[in-house]
Structure formats: structure tokens, C-alpha cells
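Residue numbers for the sequence shown follow full-length UniProt numbering, beginning at 1 and rising by one.
Be aware that a few hints might be false.
What the hints assert, rightly or not - Computed list of lysine-lysine pairs in DSS-like fashion (alpha-carbon distance at most 25 Å, straight line):
hint	residue 1	residue 2
1	LYS295	LYS247
2	LYS393	LYS374
3	LYS311	LYS295
4	LYS175	LYS279
Stated by the list, open to error - Pair ranges (Cβ atoms, derived):
hint	residue 1	residue 2	range
5	THR598	ASN554	47 to 53 Å
6	GLN605	ASN554	28 to 34 Å
7	LYS190	LYS279	55 to 61 Å
8	SER602	ARG407	43 to 49 Å
9	ALA646	LYS376	36 to 42 Å
10	ASN325	LEU274	53 to 59 Å
11	ARG368	CYS555	42 to 48 Å
12	PRO340	GLU102	16 to 22 Å
13	ASP553	ASP623	33 to 39 Å
14	GLN605	GLN430	44 to 50 Å
15	GLU275	GLY255	28 to 34 Å
No lab work stands behind these hints, which were simulated from the structure alone.
Bear in mind that the values here come from a model prediction, so they are computed numbers and not experimental data.
All residues carry an ideal CB built from backbone N, CA and C; glycine is no exception.
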Amino acid sequence: MVTTRRKGSALSKTADSKALKEAAADYNMDGISSDQESETCSDDDSDDGDFGARKSSAKSSAKRQKTATNSAKARTGDAAKSARRRKDLSLLPTMPLDILYEIFGQLSPKDLISLSRTNKLFRKTLLASTATTVWKAAREECNAPEPPRDFTEPRWAALLFLNSCWSCGAKGVPKVDWYLQRRVCIHCKKSHLVHSDKFKLRFPDYEPEVLNYVIFTHTSEWSHGHKSNSKFYWDDDIHPIVEQWRKLQHAAHLGQPGAIDLFENWKEQRTEHLEYVAKMAQTYEAWYRNMSLNKDSDAADNRKKRLEAVKARFLELGYDAVDINRCLFVHSDGISTGTPNVTNAVWGRLRPKLEPAIEAQRNQREARELELTKSKRMSILNDLYDVHLSSLKPFDRYFCPPAQFLRSLPQVVSLIEAGKDVIVTSHDFQPILDNIATHIANYQEERQQFAISTLPESENQAADRLSLAKNVFTCDVRLTDPYSYKPKLSGWPMMGGHFCTNNSGIRLDRSCKVIYNENFSTVASNIITTAGLDPSTASLADMDQKDARFICDNCFSARLKNIYTWRGALSHGTRHLSYTKNPTFTIAPDALAAEAKTASASIQQSACAWSCNHCHSFSREADAQTQGFIFEHLETEHAISNPVIAQDYFINEQCRELLETPYRPSTPLIKV
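Input sequences plus hints: build the corresponding full structure.
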């Protein structure tokens with residue numbers, strides 16, 4: 001039994017092995033006339049008998065003897081060769097011609113060309129005029145147009161469906177020049193095309209008038225497929241026309257009977273033929289454009305079907321459609337080419353290539369979904385924590401860290417990190433909230449111990465080390481940014497209440513640590529010494545009670561200098577560290593110190609550094625108010641007419657520097 005495929009190309013390898021000249025002889029590709037080709041293709045036209053009988057009669061006796069000898073040798077071959085031989089097309093020649101034509105009618109034009117090149121017998125059979133219907137049926141199946149009147153069906157099929165150059169045999173020539181009726185490569189165009197203006201230079205012995213009867217094209221090797229007004233002629237087309245021209249012209253010049261009329265008729269026929277070629281070229285160009293569009297459309301449909309088939313395979317494996325759709329597209333590697341039918345063999349090649357990306361996408365999506373779930377769970381804890389904070393006094397709340405500090409607790413980790421299918425509610429967090437006071441105290445204790453651990457070893461033995469005025473700390477988060485403001489934290493009230501904020505003064509939901517700053521502490525020690533106290537024992541309270549006023553020795557102005565409190569001097573002195581290694585200060589004169597203290601009382605009342613301890617309206621740094629405003633608020637909102645500091649109101653330590661604003665004397669320190 002013989003099996004064939006209409007669209008297959010199983011015979012293409014045989015076709016590629018034949019020489020171009022053989023193809024030219026078969027399909028009239030090297031310029032033979034259609035009449036000659038008809039004669040070539042008309043051999044044995046009348047023979048409709050058995051194909052095998054014609055094959056036998058075509059062989060010589062010597063050939064039969066040789067075949068017999070070879071068959072004897074073949075019987076001694078190995079079993080593998082015999083098996084392969086049983087699978088070939090050797091039975092085809094034994095079939096009747098009408099059955100063969102029926103089989104051939106199922107092949108594509110390209111397969112017919114390949115089959116005709118397998119041997120002389122197949123070529124003779126397929127190029128016979130009786131096989132024209134086979135070629136025509138194959139062409140119509142491909143929706144190809146009818147051939148020009150000077151083309152046979154086999155030659156037309158070769159022009160349409162083979163991609164070899166008709167001149168040099170180069171592969172991969174994509175387009176046909178329908179005006180020249182040739183498929184030729186760029187290199188051959190450069191060698192063979194003749195511009196009309198250069199005709200006399202190329203053929204000085206030829207009459208220019210002859211070009212009126214030679215087919216031409218408007219595109220050259222330099223036009224990249226775009227038409228121009230120029231005319232280009234194929235040199236091999238010129239020679240036979242010149243030969244015919246001269247023959248007819250010579251006869252007319254000799255005055256042979258009817259020669260002039262014959263010459264004029266020839267001119268009319270050639271003119272009509274050129275018009276016909278130009279008209280048909282436009283028809284074929286339109287067909288080619290439509291075919292290309294349809295081919296692109298079919299290819300796009302095939303890609304879509306192949307994509308859906310591959311997606312269906314991955315869905316069967318249990319992957320989610322959202323992950324598949326994010327990774328697979330019609331232009332993905334392995335999908336952009338190929339048939340819509342994804343067989344098991346094709347799937348075996350595609351899966352290792354495409355699956356890793358889908359797996360990665362699934363893992364990323366699940367991680368994002370889990371993070372979203374974690375965020376929602378943390379929001380539940382944040383809300384519960386905020387409810388607890390609202391029940392505290394503002395001064396106590398001032399020392400409470402952001403809710404993020406709870407994130408590291410083992411009980412919280414187990415709830416937050418639970419699978420996304422686990423339902424976590426506020427009830428699950430309640431045991432943690434029941435012990436929230438303990439958790440906060442433990443956090444502050446750890447924070448305090450960490451700050452102490454950053455002190456120099458010589459300072460670790462001192463009692464109440466955090467209350468010494470010389471020990472200045474700063475934030476470890478701000479320390480990593482060279483351009484950010486670094487807070488000067490003196491004493492546990494400032495340290496315990498410090499949490500990083502954004503530019504609007506809103507606390508960031510992250511924990512930070514305070515660490516000892518040696519440079520800041522050196523400045524503080526100089527100030528304490530200048531005040532007449534011992535840095536190793538002077539506390540914050542001692543410096544506040546001393547209430548000395550200082551003048552910076554490092555400022556450039558000698559006449560007008562600011563007068564600072566000790567905390568203001570510390571803040572100012574640290575700014576000199578960028579260009580002064582050891583900034584120093586001098587005690588201000590008594591008169592100027594008195595002026596500065598009077599001004600400080602006014603600054604203390606006008607600075608927005610105070611918060612109410614009975615409500616949370618002014619707890620944030622950005623919401624702090626003046627002392628007078630807070631007093632009025634306490635009286636109107638809380639009915640407290642004689643407020644007590646630290647009981648009814650307090651200094652917002654995040655705004656402490658506003659209370660330490662320097663005093664600028666109205667008269668120069670040095671008279672000139």
C-alpha cells in the first residue's frame with residue numbers, strides 16, 4: 001500500500017540533490033521555447049497503458065542482465081537493508097497509469113517536482129501532456145493562478161514553488177520577478193540586468209530599436225523590490241530577439257515575398273506579448289500579495305492554536321492559567337513556529353523549554369500573594385496595637401515603639417507566616433495583646449541595654465551611665481546616611497522616645513537603635529568642663545541646674561555671636577565637626593547671660609515643643625504646640641487651670657532643640 005500526503009514535503013530531499021541544469025531541462029528554465037518544451041513533454045503521449053510495461057520496454061537487455069546480477073547480490077544483503085527496501089516506493093512503477101495519476105494528484109506541486117526528479121521514468125511520465133491534469137489539480141489545491149500562455153504547468157510550478165535562482169541555482173530566493181518571469185538572486189541581477197541607457201555600451205553591435213520587443217522589468221538589484229520608471233532587460237532575453245529581428249529584417253531587405261508583412265506581424269505579436277506579460281505581471285503581483293497576507297494570517301492562526309494547545313497541556317499538569325498567560329505568547333520560543341497539533345513528541349521538546357518560566361512565575365505570584373496575606377494579618381495586629389496605645393497616657397505612649405517591634409515575637413511569627421489558606425483573625429492575636437505591657441517593657445529594656453553596650457569600656461562601670469551629660473547618642477539608621485540629620489540624644493527620655501520619622505514627622509513603622517557617638521560626646525565633655533563641672537560625674541540635671549550660657553570660639557564673626565544654652569551649644573558644636581576637630585566654647589559674660597536667660601523664657605513659651613498628657617491630639621512632633629496653647633487647651637478641654645509639668649503636659653523630646661534656640665545680642669560683643 002502506498003501512503004501519500006497532499007501538503008507533505010517528504011520528497012524534497014530528493015529534489016534538492018538534483019542539479020539545476022536538469023531542472024532547467026525539465027521545466028524550460030534556461031530559455032527554451034514553449035514549443036520545444038511541448039515537444040519534449042509530448043513523448044509517449046498516446047501511451048495510456050500499464051506504467052510497468054513501459055518501464056520494462058524502456059530497458060535494454062544489458063540493463064536487464066545487470067539488474068539481475070545486482071538483485072542476486074542484493075539477496076545476500078543484511079536484514080536491515082531488506083526492511084528499508086520494503087518501505088520504499090518501488091511498487092509505484094507496477095501500478096496502472098490512471099491509478100498513479102490518482103496518487104500523484106494527492107501531492108503538492110513541490111512534491112510532484114521532487115518526484116519527477118527521482119529518475120528518468122518518473123520525469124518522463126510527469127512531464128507528459130497526459131499528466132497536465134495532475135499538475136493543474138495540485139496548483140489549484142494551492143490556490144495558485146493559471147500559468148502564462150507560454151508556460152507549461154510543470155514549469156509554472158517550478159517558478160512558484162521552488163526558491164532556487166534560475167540562473168545560478170542559489171537557494172533562498174524569496175521573490176519572483178513577474179515581468180521577467182524569472183526567480184533570480186541579487187548577484188545574478190547585477191550580472192545580467194541591462195539598463196536601457198547602457199544598452200549600446202553593453203551591446204554596441206545591436207540595434208537599439210530591438211529593445212521595444214524584449215520583455216523588461218522596472219526593478220533592479222539596487223531598488224530593493226521598489227519599482228522605478230527605468231527599464232531593465234535580462235541579457236539572455238535580448239540575444240534571441242535580436243536574432244529573430246535580424247533574420248526577418250534581412251528577409252525584408254532582400255525583398256522576399258511576404259517578408260515585410262511577416263516582419264510587421266512579428267513586431268505586432270511581440271508588442272502584444274509585452275503588453276500581455278505586463279498585464280499578467282500585475283495579476284500575479286496581486287495574487288502574491290494576497291497569498292502573503294493569507295500566509296501570514298494562516299501562520300498567525302496556527303500560532304494561536306499552537307499556543308492554546310500548549311496552554312492546555314500545562315493546565316492538565318495543574319498550573320494556574322494566570323501563570324501560564326503571563327509566560328506564554330504567540331511569539332514565545334517553540335510556539336512561534338510549528339504546526340497547531342502539539343503531539344506527544346512535540347510536547348516532550350517544548351515542556352523542558354517552557355516549564356521553568358511558568359514555575360518561576362507561579363512561585364513569584366504565590367510569594368506576592370503570601371506577602372499580601374502577611375500584610376493584611378499585620379494590619380490586624382497594628383489596629384489592635386493602636387487600640388491599646390489609645391488607652392495610654394500620651395507621655396507613656398511616647399515611649400512605645402511602632403507595632404513592627406512585635407513582628408519578631410515567636411507567637412506573632414507563627415501567625416503571620418502561616419499558610420495563605422489559614423484564616424487569622426484578631427482573636428488569634430489577643431493573647432499577645434494581653435501581655436503587651438510586658439512586651440513593650442522588654443523591648444525598651446533591650447534597647448537600653450544595647451545603647452549601654454555601645455559605650456566605651458571605660459564608661460561601662462559608671463553608675464547611671466545614661467543620665468551623664470557627656471554621653472551623647474545618635475540613631476543607627478540615620479548614621480548610615482551621610483547627608484541626613486543625626487539627632488543628638490542625651491538621657492533616656494530622649495533616647496527612649498526617639499523613633500525614626502518621615503519629613504512630615506510621622507513615625508515610620510520600623511525599629512531603630514541608639515548608639516554612642518564619640519565625637520558628639522567629646523563636644524559635650526568640653527562644654528561640661530567649660531561650665532566648671534566634672535564630665536565623669538555631671539548629670540543632665542546638674543547641667544540644667546547650672547543653666548550656664550556659652551559663646552562659640554569657632555564662629556568667624558567676632559562682633560555678633562549667638563549665646564547658647566548647654567544643649568544648644570552641644571547641637572551647635574557638632575556642626576563644627578566637619579571642619580573643626582575639637583570645637584570649644586567660652587562662658588558668656590554675666591550681663592549677656594542674663595539677657596539670654598530672659599530671652600529663653602520667652603522662647604520656651606513660643607516654641608512648638610509641648611504636648612498634652614490627657615489626649616493624643618499633640619503627641620506627634622508635627623502636632624506639638626506652644627506652652628500657652630497647651631495651657632489653654634488643658635483649661636478648655638480638660639478643665640485643668642493649674643497644670644503640672646510631666647503630669648498634665650510635657651516637653652516633646654523630638655522638639656527639644658526648639659527650646660534651645662540661641663540668643664543673638666543686640667549689641668556687639670567687641671566694640672570697634
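Okay, the hints, checked on the actual structure:
1. LYS295 with LYS247: 48 Å, violated
2. LYS393 with LYS374: 30 Å, violated
3. LYS311 with LYS295: Measuring from Cα to Cα gives roughly 24 Å; hence the hint holds.
4. LYS175 with LYS279: 18 Å, holds
5. THR598 with ASN554: 47 to 53 Å: About 26 Å separates the Cβ atoms of THR598 and ASN554, which means 47 to 53 Å is violated.
6. GLN605 with ASN554: 28 to 34 Å: 31 Å, holds
7. LYS190 with LYS279: 55 to 61 Å: 28 Å, violated
8. SER602 with ARG407: 43 to 49 Å: 45 Å, holds
9. ALA646 with LYS376: 36 to 42 Å: Given range 36 to 42 Å: holds, Cβ gap about 39 Å.
10. ASN325 with LEU274: 53 to 59 Å: This hint holds: roughly 57 Å between Cβ atoms.
11. ARG368 with CYS555: 42 to 48 Å: 55 Å, violated
12. PRO340 with GLU102: 16 to 22 Å: 29 Å, violated
13. ASP553 with ASP623: 33 to 39 Å: At roughly 38 Å between Cβ atoms, ASP623 and ASP553 fall inside 33 to 39 Å, so the hint holds.
14. GLN605 with GLN430: 44 to 50 Å: 45 Å, holds
15. GLU275 with GLY255: 28 to 34 Å: 31 Å, holds
Checked against the numbered hints listed earlier, the structure breaks hints 1, 2, 5, 7, 11 and 12; every other hint is satisfied.
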